[in-house]
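The listed protein sequences correspond, in order, to chains A and B. First residue of the first sequence? That's 1 in the numbering used here, and the numbers climb one at a time after it. First residue of the second sequence? That's 1 in the numbering used here, and the numbers climb one at a time after it.
Chain B is nowhere near these chain A residues, computed Cβ spacing over 12 Å in every case:
no.	residue
1	Glu31
2	Ala33
3	Glu51
4	Asp64
5	Leu99
6	Ala107
7	Ala108
8	Ser113
Computed footprint of chain A on chain B; a stretch qualifies when at least three of its residues, placed anywhere within it, have a C-beta under 8 Å from a C-beta of chain A:
no.	segment
9	18-28
10	64-75
Hint data in this document are derived by calculation from the structure and do not stem from the laboratory. Positions of the beta carbon are idealized from the N, C-alpha and C atoms, including for glycine.
There are 2 protein chains.
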Amino acid sequence: MPLDDALTALADETRRAILHRLSKGEARVTELAAPFDISLNSVSKHIRILERAGLVKRRVMGRDHFLSFDPQPLHEVGDWVERHRTLWTHRLDALEAALRADDAINAAKKRSSK
Amino acid sequence: MPLDDALTALADETRRAILHRLSKGEARVTELAAPFDISLNSVSKHIRILERAGLVKRRVMGRDHFLSFDPQPLHEVGDWVERHRTLWTHRLDALEAALRADDAINAAKKRSSK
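Chain A extracted, bound-state conformation (with noise of 0.2 Å):
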């Protein structure tokens, strides 16, 4: 599910820095490492979950690998959260209208009971 993979590969501190610095250029496996107090070992690890999930991807000349930020499952996670934010939010706004019909008939008894 890639959609799983994602929000997995999102759900860690770390893997969200790397990505932060990706999101402003390509870099190498080391320079990503530099500013983490973890081993190079443990940065290639995220590495490897950020690309099975296709958020990363590595461009290999020679011996230097470099490592780019790639957007496009962030699309399919935005679309997910945005229509659940605007779900929840539309099902207030009926609640809200249902409401005040509800006070406008209530109202409206009152006047002609009157």
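Mind docking chain B on chain A? Use the hints.
Relative to chain A, chain B alone:
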């Protein structure tokens, strides 16, 4: 890390389906479990993960437990995703502008050397 919990909770098809159902209105655990071909125990575990992430609230009335959707954590997820979709678009725009500027400089150089 609340964002980690929300993303982990969302990284499962069954949990997203439960949230989708709840985004349309409150439901009992048994009602939530009905459409899924999994045990009530499994559904309860999924619900606990959603509760821990703050995406689901529980209201207890006697023996009945009513569950409802709380979209609050979705805002933080949505904001992160939107920010990084946007960063990327801005980077592409900047790249395109730089290439266009480069083309313009080259064209000007050609003209002045004629």
